[in-house]
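Starting from the two chains in their separate frames, assemble the complex, guided by the hints.
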Amino acid sequence: MRRPAPAAASALRRRLPGLAWLPIAAVALLAPVGCGRLATGPAPKQVIYWTGWSAEEFNTQQRLVDEFNREHPGIQVQMLSQFGNSGYQKVRIAFAGGATPDVMSTIWADELAGYAMRGVLEPLDGYLKRSGRNLERDFTPGVARMLRVRGKVYGLCATTNTSFIAYNKSIFREAGLDPYHPPTTIAELDAAARACTVSDRRGSFVRYGFRPGGLALWAYVFGGQWVDPATGHITADHPGNLAALRWLASYAKRYDLKKMQVFQSTFGSDQTANGPFFVGKVAMWSTGEWAEQFVRRYAPDLEWGWFPLPAPPGGRTACSSAGGSVFVIPAACKDKEAAWTFLDWFTRPKPVARFCSGIGNVPPVVEAGADPVFQQSALFRFAVNLSRSSNTFGPPGTPIWPTYAREIGRVEEKVMLGGGDPVALLADLQRRMTREQLDAMQDLSG
Amino acid sequence: MKERSSHLLTSSPPHLHPYRRRASRNAQLTGLAFAAPWIVGFIVFFAYPVIASAYYSLCSFDAIRPPRFIGFENYRRMFTEDDLFWKSLWNTLYMVVAGLPVGLAASLGIALLLNRKVKGMTVYRTIYYLPSITPVVATSILWLWLLNPEMGLINIALGKMHLMQPGWLTDPAWAKAALILMGLWGAGGGMVIYLAALQDVPESLTEAAALDGAGKLQQFRHVTLPMLSPVILFNLIMGLIGSFQYFTQAYVMTSGGPQDSTMFYALHLFNRAFLDFRMGYASAMAWVLFLVTLVCALLVFKTSARWVYYAGEGR
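Just so you know, the protein sequences line up as chains A and B, in that order. Here the first sequence is numbered in my numbering, starting from 1 and rising by one per residue. Here the second sequence is numbered in my numbering, starting from 447 and rising by one per residue.
Worth flagging that the hints you see were computed from the coordinates, not collected in a lab. As the structure is a computational prediction, the values presented were derived from the model and not from experiment. Every residue gets a Cβ at the ideal spot worked out from N, C-alpha and C, and that includes glycine. Misleading hints may appear alongside valid ones.
To be verified - Simulated crosslink set (SDA-like; lysine to any residue; CA at most 25 Å straight-line):
1) B:Lys533 x A:Gln437
2) A:Lys350 x A:Phe307
3) B:Lys748 x B:His668
4) A:Lys281 x A:Phe307
5) B:Lys533 x B:Pro547
6) A:Lys45 x A:Gln430
7) B:Lys533 x A:Gly409
8) B:Lys606 x A:Gln261
9) B:Lys606 x A:Lys334
10) A:Lys253 x B:Glu519
11) B:Lys533 x A:Gly420
12) A:Lys152 x A:Gly132
13) A:Lys90 x B:Phe525
14) A:Lys169 x A:Lys152
15) A:Lys259 x B:Pro547
16) A:Lys259 x A:Asn274
17) B:Lys533 x A:Lys350
18) A:Lys259 x B:Ile510
19) A:Lys414 x B:Tyr540
20) A:Lys90 x B:Phe716
21) A:Lys414 x B:Ile510
22) B:Lys533 x A:Phe205
23) A:Lys334 x B:Ile510
24) A:Lys414 x B:Phe525
25) A:Lys253 x B:Gly703
26) A:Lys258 x B:Leu530
27) B:Lys606 x B:Ala623
28) B:Lys533 x A:Asp439
29) A:Lys90 x B:Val496
30) A:Lys334 x A:Arg348
31) A:Lys258 x B:Ala493
Unchecked claim - Here are some chain A residues the structure puts well away from chain B; computed CB gaps all over 10 Å:
32) Pro42
33) Phe58
34) Thr60
35) Arg354
36) Gln376
37) Arg432
Excised from the complex, chain B in its bound form (with noise of 0.2 Å):
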């Protein structure tokens, strides 16, 4: 096996004939044609643009007029002078901190309970998944209504209950917490994913660990959860990019606000690109986003090898 795949990755091996070396070569430029719509658009439509962006973001460039170099002069405004870079970062955080975890859990918790053998199973599955599907424009456009102080629904059923009815996105202290909620509503797309997990579990294991005596809430912790663990990192690391980029609900529904609130990087670096015609800058701030997603993937990556189970593998 491993032999042929040496043989198969050198290519025109010195003892050929000169014929078999030509088509061989043939052979390699069909290829490299067939794969060159995608090998142009690779480099015209993102190896370019990301080199280039690196390089505007060491410019004041306003994608009008050439861009003029200036070092690092908008890395350092963005440290040191722009407070909004400051507070959009620390809000996106919070949405990676706080949203993430709520969100992968949502979406294992309604896997879990479509897991099971109940009639019309597959009709709640659709259900569950419909949200996840809908437009995040068309989405948003709802949660603003459900989420009104006064007339919406989520505070009309808190009301009926005596309970706590808050400003939601009026409110800076709620309204990042209204975006987490509203994000729930979309846990049908994770909840997919866990659930071909769930049906990988073999029935053989948490068989024998029930033999061995172990309750259902072990078997889920012993057994299930590892399991689904490389799915979980999936989730975990799409979660990450995902919550990072966080942008289109912000966009429509709060535009940033009440005082910044929602003020979320991808929306600080929209508005600096396309408001302030600050192209130079927005790509700066793209640069550092895209380092603090990589290292926090990195890290997640580190620690996965501590909780994350590969079935097959030795442990």
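Chain A with its partners taken away, still in its complex shape (with noise of 0.2 Å):
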């Protein structure tokens, strides 16, 4: 058989001659950009950083980085976006490859412990020092603290967010409730609840009061707490988080919680025109800032307002929770100057400032709450003030904090929908993840 594979590279060969030019030429062509680089100094050092934010939300960022690249002539951030939770899973990959970005705001703050504590991001304190920042003085308490993981700084943030109450005053009125006067204790806003809450002769939910959710959260209103702060162990089974819970059960016994979930699925999400709160089938929804902005589109003639997280005798007031996106760099950054020079600029008051009212977001730096765009809408001076608040909690400092959060759902999902014993499924969840968190952090000393 005759094979054309000599005869193909025999004339390959031939062409050889020919083909060398390209790379000279290529040369050629190009060496006058590079001339032009050399005449003008040293190229600007290019700054990769993946942000986690997308559409409207990465234009406002984009306008930021371009202010920043005019004012570093010697420093060009490249912004890319890592959109969603395959951009959230991508951070994972790359850390595992060794092949990560110069600054990336793709972490959850509830991740954050996770990957200081495994060693891929760089620690901040001497650069906040030699910038002359201080973070507890910088930023609210509870983003200062979850930014803090075992003492040391593992990221900035530029945007928190707030969880409180918004009430719908025309239904307070109408349930024969002071519409000026929400409740402040957690015996008030069971009452208000019971008030607001209209059935129908076969049972069915006309309207709702209020559909408390997040044990993590109402845990600290209670004043329990999942990790102890000073030693670092798993605390699933405090008396606080026991009281949470039983408190949220007693809302699976008095009202029909399946009944109550199918009713709210009849209606959109909360973030849909068709959303139960915006249609007036629910007096109370737990929510946050955001709110705003979508009463204003979907109910712009709702008349409404918003309280804090009603506490107990001996619970805590003024809760609320912080998290969100975290800036880090990390590790593996060829030149954490420049790029702490990006991260340093991005998170002071005035472009945190300008990114929040943005995006509609709460700033997590004291100083850009005061910023007169905050001070114009009453909701935002109510949110800056809560996200003040030293009762703020964000994600405890475990590395298995992302588990953890899950499992304290489906504890909570147990008791509210399937009658399970608070008791003992706290109890089951200590163990479970003191045995998580032994294992991390063998794992971690390994």
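Below, the structure written as structure tokens:
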């Protein structure tokens, strides 16, 4: 059989002298580009930044990045969007492969401790000190606590959120409640929820007062905690956590929560025009500062107000959550100084105020909260104040928090929908999470 | 025929001239070079990860720090301490035992209906096939609406007929049934294969059976079904593998809820690997899933000798 390969090979060889000119031509063509650079000084340092924001929020951030690039001719920040869950998973793969960008905000606060303890993040304490910054002074208390892992700072925030309850004033009035004095205690909240709930003759909901959820945060309201801040030990069976879970369970007993869930699913999610709060089918809604833009968009005529999570006697007042995306410098970053210059600039009061007001978040930087842009809206004045409360809690510094938080959710669901026993479930959670944390610690020390 | 193939299998026979031997080695190398893209791909992207996962299953491994060897600890934990392991295995077996036969029967039923000589049949076939090529995520979102307990079309229809209106995805007792129902919508994939096989059932056989006095049902039972049995086996095995890996719909629609009723094995595995940083544990889970699937597939193969008929083979 004749093989055509040698013929083709020799044909290629014959043509090679011609092709050999290509690289030379390419170099000749590109040389002036390089020379141009040389003539104007060293090329700016490239900082690759992965952002977790997309669409309009990305654009808002891009305007700030452009401004940074203009102010810092020696550094060029290139921002890439790694949006959604796949984006956040990409981060994990990047860390595993050691192929990280220079700065990223594609890390949830939940994951910060896990990454920090695995040694893939650069501690920022030295940089903060040199730049004359102080975490506890510059940032709101909950955010500052959340960013410290075992005494060291591993990231900074440019945004945060708050948690509170929004209420429909018209329904309050209709139910005989004072629309200008919303509940301040758990007892008042329960009474208001009862007063606002209306069922038809068949027992189906026509409207309900309040459906509490989110054991992870309510535990703090009841004086509980998930991790002992002093020892780092798991405290799932803390009496405060149990009190919160029992209170949630009281709703499951008083109302048919399955029916409530079915009723709620009749309407859209909280982020659509058909959301139950917007159409007046629920009197009180656990939400955050983002509620404002949704109400403005979907129910502009709604007469509504807001109040902080009410607390039981001996509980914590003005409790709120902290969290969201965290800006970090990976330990594998080559030019950490350039990366820090960008991170430092972006988390200063002015850019933070502009970014947060642009995307409708609460600023985690204390000074940014004083910006007039937040003082124009009554809700944002309230939210900014709430974010400064010392009873604001972000994820506790345990490497297993993503797992732990999910398991807290499962316990809550078992109690609320399955009638599970709070004491037994929290004891079981305590045992399993202690084990999980022990495993993680062993891995980290190994 | 036999001799020729044995000659082909023997490389560089000793009686060849040295030049011929070199030529044949060159031919071999050329062949290997042409196959190299696949061989390299197989080794790098398949063989190595499979072997590595077997090793990782014996380690505590978070994909960031080096793996730490812990023997069979992952397996022991899985069997003795992880309630979700058993729950998810049970949920998955439910889909295999309850969902798979229903799906197979539905695609066969549709194929039988669409195998008739009716005008515009190609249009019907296309219509029934279309859902199976719709992306699973899109289908899932659509069904979230259809299955809505109050506003969904399904419950509205049931209500009109004065039938019970289940809570579907909001009710642990109905959530898996809802997913099985949704799976039936994609029965077109299996249907196409059945249709192809149905066209291959020789008319002479059905005619002969009819002449012998067999009714339609008997023809189906004793002629069509045996002739289809290799294809049923194929669909069964593929369905078995697919059902054991049931993931996307639960990931998109329920995240495993309500009350873990749709926490399937693959979803639990995914959570352990990508949310909890427990790659070693997830690898161990993957191996257990592989073994369970393998055993089930082998059992099916073992019984298939009794019910699968290959034309041309004596039985």
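How the hints compare with the structure:
For the hint linking B:Lys533 to A:Gln437, the alpha-carbon distance of about 23 Å falls within 25 Å, and the restraint holds. Restraint check for A:Lys350 and A:Phe307: not satisfied, since their Cα atoms lie roughly 28 Å apart, outside the 25 Å limit. Distance check on the hinted pair: B:Lys748 and B:His668 sit about 22 Å apart at the alpha-carbon level, within 25 Å; holds. Taken as a hint, the A:Lys281 and A:Phe307 pair is honoured in the structure, with Cα atoms around 19 Å apart against an allowance of 25 Å.
Annotation: proposed proximity of B:Lys533 to B:Pro547 holds, straight-line Cα distance about 21 Å (limit 25 Å). For a cut-off of 25 Å, the pair hint linking A:Lys45 to A:Gln430 is broken: about 49 Å separates their Cα positions. As the CA atoms of B:Lys533 and A:Gly409 are separated by approximately 17 Å, the hinted pair is consistent with the 25 Å bound. Simply put, B:Lys606 and A:Gln261 have alpha-carbon atoms about 22 Å apart, close enough for the 25 Å limit, and the pair holds.
Note on B:Lys606 and A:Lys334: the hinted pairing is violated, with a Cα-Cα distance of about 67 Å set against a maximum of 25 Å. For the hint pairing A:Lys253 with B:Glu519, the CA-to-CA distance comes to about 41 Å; that exceeds 25 Å, so the pair is violated. Restraint check for B:Lys533 and A:Gly420: the C-alpha separation of about 16 Å stays at or below 25 Å, so the hint holds. For the hint pairing A:Lys152 with A:Gly132, the CA-to-CA distance comes to about 16 Å; that is within 25 Å, so the pair holds.
Pair hint A:Lys90 plus B:Phe525 does not hold up; C-alpha atoms about 31 Å apart against a cutoff of 25 Å. Distance restraint check for A:Lys169 and A:Lys152: the Cα-Cα separation of roughly 45 Å exceeds the 25 Å cut-off, and the hinted pair is therefore not satisfied. Restraint check for A:Lys259 and B:Pro547: not satisfied, since their Cα atoms lie roughly 33 Å apart, outside the 25 Å limit. The hinted pair formed by A:Lys259 and A:Asn274 meets the criterion: a straight-line CA distance of about 18 Å does not exceed 25 Å.
Of the pairs offered as hints, the one joining B:Lys533 and A:Lys350 is violated, with about 51 Å between alpha carbons and a cut-off of 25 Å exceeded. A hinted pair counts as satisfied when its Cα atoms are at most 25 Å apart, and A:Lys259 with B:Ile510 does not qualify at roughly 45 Å. Between A:Lys414 and B:Tyr540 the CA atoms are separated by roughly 21 Å; this keeps the pair inside 25 Å, and the hint holds. At roughly 15 Å between alpha-carbon atoms, A:Lys90 and B:Phe716 fall within 25 Å of each other, so this suggested pair holds.
With a CA separation close to 33 Å, the supplied pair A:Lys414 and B:Ile510 exceeds the 25 Å bound. For the proposed pair B:Lys533 and A:Phe205, the alpha carbon gap of about 33 Å is over 25 Å, so the pair is violated. For the given pair, A:Lys334 sits about 19 Å from B:Ile510 by alpha-carbon distance, which is consistent with the 25 Å threshold. Proposed proximity of A:Lys414 and B:Phe525 is supported: the alpha carbons are some 22 Å apart, at most 25 Å.
Between the alpha carbons of A:Lys253 and B:Gly703 the distance comes to roughly 21 Å, so the proposed pair stays at or under 25 Å and holds. Distance check on the hinted pair: A:Lys258 and B:Leu530 sit about 23 Å apart at the alpha-carbon level, within 25 Å; holds. For the given pair, B:Lys606 sits about 21 Å from B:Ala623 by alpha-carbon distance, which is consistent with the 25 Å threshold. The hinted pair formed by B:Lys533 and A:Asp439 meets the criterion: a straight-line CA distance of about 23 Å does not exceed 25 Å.
Of the pairs offered as hints, the one joining A:Lys90 and B:Val496 holds, with about 21 Å between alpha carbons and a cut-off of 25 Å not exceeded. Proximity of A:Lys334 to A:Arg348 is assessed by CA-CA distance (about 23 Å); at most 25 Å being required, the pair is judged to hold. Pair hint A:Lys258 plus B:Ala493 does not hold up; C-alpha atoms about 48 Å apart against a cutoff of 25 Å. With a cut of 10 Å on Cβ distances, A:Pro42 stays outside the contact zone with chain B, its closest approach being about 34 Å.
Distance to chain B confirms A:Phe58 as a non-interface residue, since its nearest Cβ pair spans about 23 Å, more than 10 Å. Once the 10 Å rule is applied to beta carbons, A:Thr60 is consistent with being away from chain B; the minimum gap is 28 Å. A:Arg354, annotated as away from the interface, keeps every beta carbon of chain B farther than 10 Å; the closest lies near 33 Å. Residue placement check: A:Gln376 keeps its beta carbon more than 10 Å from all beta carbons of chain B (closest about 38 Å).
Distance to chain B contradicts A:Arg432 as a non-interface residue, since its nearest Cβ pair spans about 8 Å, not more than 10 Å.
This entry does not satisfy hints 2, 6, 9, 10, 13, 14, 15, 17, 18, 21, 22, 31 and 37, going by the numbered hints stated previously.
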